[in-house]
Amino acid sequence: MESVTRSESKSMALVSVGHSGKAAPGQFYMIKCGDFPVVPRPYSVFYEDLAGGTTTFLIKARGLQTSQLVEMKPGDVLKIRGPLGSPFPSLVNAVLVAGGCGFAPLHFYARQYGYSSFFLGTETYEELAFLCLFDDLKETHGDNMVTDLFMESPVDGPLIACGPSRMLRTLSETDRKDPVYVSLESRMACGTGMCLGCPAKMKDGTILLVCKDGPVFSGRDVDWEWLT
Amino acid sequence: MADLRVREFGLEFANPVVVSSGPTGFGPILAETVDMRRIGAFTCKTVTRKKREGNPPPRLVDCGYGIIASIGLQNPGIEEFVRETLPSADAFGTRLIVSIAGFCLEDFAQMASLLETVHGFDILELNLSCPNVESGLMNPSEDPRCAGSIVAEVKKHFASRPVTVKLSPESLPQDTFIRSCESSGADGFTLFNAYHGARFDINTGRPFLRRTEGAYSSPALKPIVLKKIRDARHVTDRPIIATGGASTAEDILEFILAGASLVGFGLVGMIDPEALEELPLHLERCLEARGFVSLDEYCRYLRRTAEHGR
Ligand SMILES: Cc1cc2nc3c(=O)[nH]c(=O)nc-3n(C[C@H](O)[C@H](O)[C@H](O)COP(=O)(O)OP(=O)(O)OC[C@H]3O[C@@H](n4cnc5c(N)ncnc54)[C@H](O)[C@@H]3O)c2cc1C
Ligand SMILES: Cc1cc2nc3c(=O)[nH]c(=O)nc-3n(C[C@H](O)[C@H](O)[C@H](O)COP(=O)(O)O)c2cc1C
Ligand code: FES
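Sequences listed follow chains F and V, in order.
Residue numbering for the first sequence follows numbering that gives the first Met the number 0, beginning at 0 and increasing consecutively.
Residue numbering for the second sequence follows numbering that gives the first Met the number 0, beginning at 0 and increasing consecutively.
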């Protein structure tokens, strides 16, 4: 681990490791710190600095592993596996919608390919202040949903979204002509398609795996009833 | 380098490391990172007669010390497995174990007959213990006679290779299950499948898994399984693939001392394929550090010492 930047109350942190694996926006790594918890967890790439040889993750402290990760110190050792999964397509004038940690892959996307509009919703004002890294971010926090913000001022163009399943479902089911790409969330164990632990059903009945076939899917293809 | 070869089921294994059924699927993805020739044997994910979609999500819930999985035997069905999957697994260059589960005797009979005609695998495992499917017509994990009748039916149709029976650790009394399967012709045992477990969301009051319960896999279960392997060894002298809670090379020795013939690894392969591949190498080092030239010599020496010390 190279460096850690924490939000004011340490509810979020940017954790950089000395590794670059030529990740593309939307891809993730399986990360393990120490012996506990036993099973690694997936984290999207927030940014990869190829020249500097570092990969950065955005961590929100909320459980056994994430509360350890935000407390890490430079020099601590993490076991990482990746990059894994399929990336977002690179589109012209994409509209980005992020909820909470869903900001991570969209931040990487925005830095790599640009965007036409970028919406962000967080749980607290502190998180918003921590993630306010673009001047023209359309933001909201607390009880005000980012989906409502987006509906109030809908923008044309292909949509790319990452956040809680409910948010992704709402965006996928809105009446828009442009494509919608979502990065699905799921519990994972292997992260590579072996254990069949992270299924997503498509409307045509096929069962795909979030880790191997995703995490990026066309939101209109997903059978949301089965998933949520 | 210490000699790790083991002879069981009338077959030679390069080492006692057996990859258990399920956590690493049918193997091709594992084979991208792991040189499968370095593993003693690979067990394919359990297949059923018909294709199964598996359970709706969430299928996994973490427990810190391990994980509960409720996959629901998602698999392509025996015919597609034989046609599409088995030929590529044959190329792994290690001993191959095929695992089947059924919902009635007819399922087992059909699958056994088909597999009898197929080459490219070494042992047939009967999964009589999957905790993750809705109740079928038979419940072999609750009825020892039912387990025995499945073994007898399979042996009628499948005689070319050994059959190992995978039991649930919750199939009690354990000795009755083992004796019933053995007298019906089981050539060995895979002990055990995972324990049932569940977790509940304290915010919503709902279970985390869509089907509430699943298979709990954790290194913390090792001492419980060790004790049960010891008990099983008193009941049968057939080979035992001891499975549940093993994660290191030292664990292999400990399970063998408890009575295991080979040692199964589920969780490890799923979360750390490299660690799985290194197990045989670490086992060699473990033996060399203790001055032994082979696993066989170590086992004979320690068993003798244990008997004298009693
Ligand atoms: C593709 C992908 C990318 C991801 N990217 C990121 C990322 O960039 N950043 C990020 O922070 N996360 C990301 N995640 C999510 C992250 O993997 C999980 O949040 C992580 O597994 C949490 O691990 P933990 O050990 O901290 O939480 P755990 O301890 O495993 O708990 C998980 C959640 O359940 C809650 N919980 C635990 N037990 C109970 C109980 N009994 N009742 C109620 N609630 C309970 C916890 O509070 C927590 O909210 C991503 C997930 C996926 C699938
Ligand atoms: C994700 C997952 C899937 C599994 N699928 C199967 C299966 O299809 N058939 C089977 O016999 N056992 C299955 N098991 C049980 C394992 O083969 C093994 O018996 C159990 O995990 C205990 O071993 P471990 O402690 O090394 O993980 C599965 C376990 C897990 C975690
Ligand atoms: S996490 Fe194992 S298949 Fe996706």
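I should point out that these hints are in silico values taken from the structure, not numbers from a laboratory.
Mixed in with the good hints there might be a few duds.
[To be verified] Example chain V residues on the side facing chain F (calculated, C-beta under 7 Å, incomplete):
{"#": "1", "residue": "Gly24"}
{"#": "2", "residue": "Pro55"}
{"#": "3", "residue": "Ala68"}
{"#": "4", "residue": "Gln73"}
{"#": "5", "residue": "Gly76"}
{"#": "6", "residue": "Glu79"}
[What the hints assert, rightly or not] Have a look at the derived ranges for each label pair, beta carbon to beta carbon:
{"#": "7", "chain 1": "F", "residue 1": "Asp220", "chain 2": "V", "residue 2": "Arg299", "range": "42 to 52 Å"}
{"#": "8", "chain 1": "F", "residue 1": "Leu49", "chain 2": "V", "residue 2": "Glu115", "range": "54 to 64 Å"}
{"#": "9", "chain 1": "F", "residue 1": "Gly51", "chain 2": "V", "residue 2": "Arg284", "range": "32 to 42 Å"}
[Stated by the list, open to error] With a Cα cut of at most 25 Å, we get these calculated SDA-like pairs of lysine to any residue:
{"#": "10", "chain 1": "F", "residue 1": "Lys211", "chain 2": "V", "residue 2": "Cys62"}
{"#": "11", "chain 1": "F", "residue 1": "Lys200", "chain 2": "V", "residue 2": "Pro75"}
{"#": "12", "chain 1": "V", "residue 1": "Lys50", "chain 2": "F", "residue 2": "Leu226"}
{"#": "13", "chain 1": "F", "residue 1": "Lys31", "chain 2": "V", "residue 2": "Phe207"}
Backbone N, C-alpha and C fix where the C-beta goes; we use that ideal spot for every residue, glycine too.
Report the numbers of all earlier hints that the structure fails to satisfy, in ascending order. 5, 6 and 7
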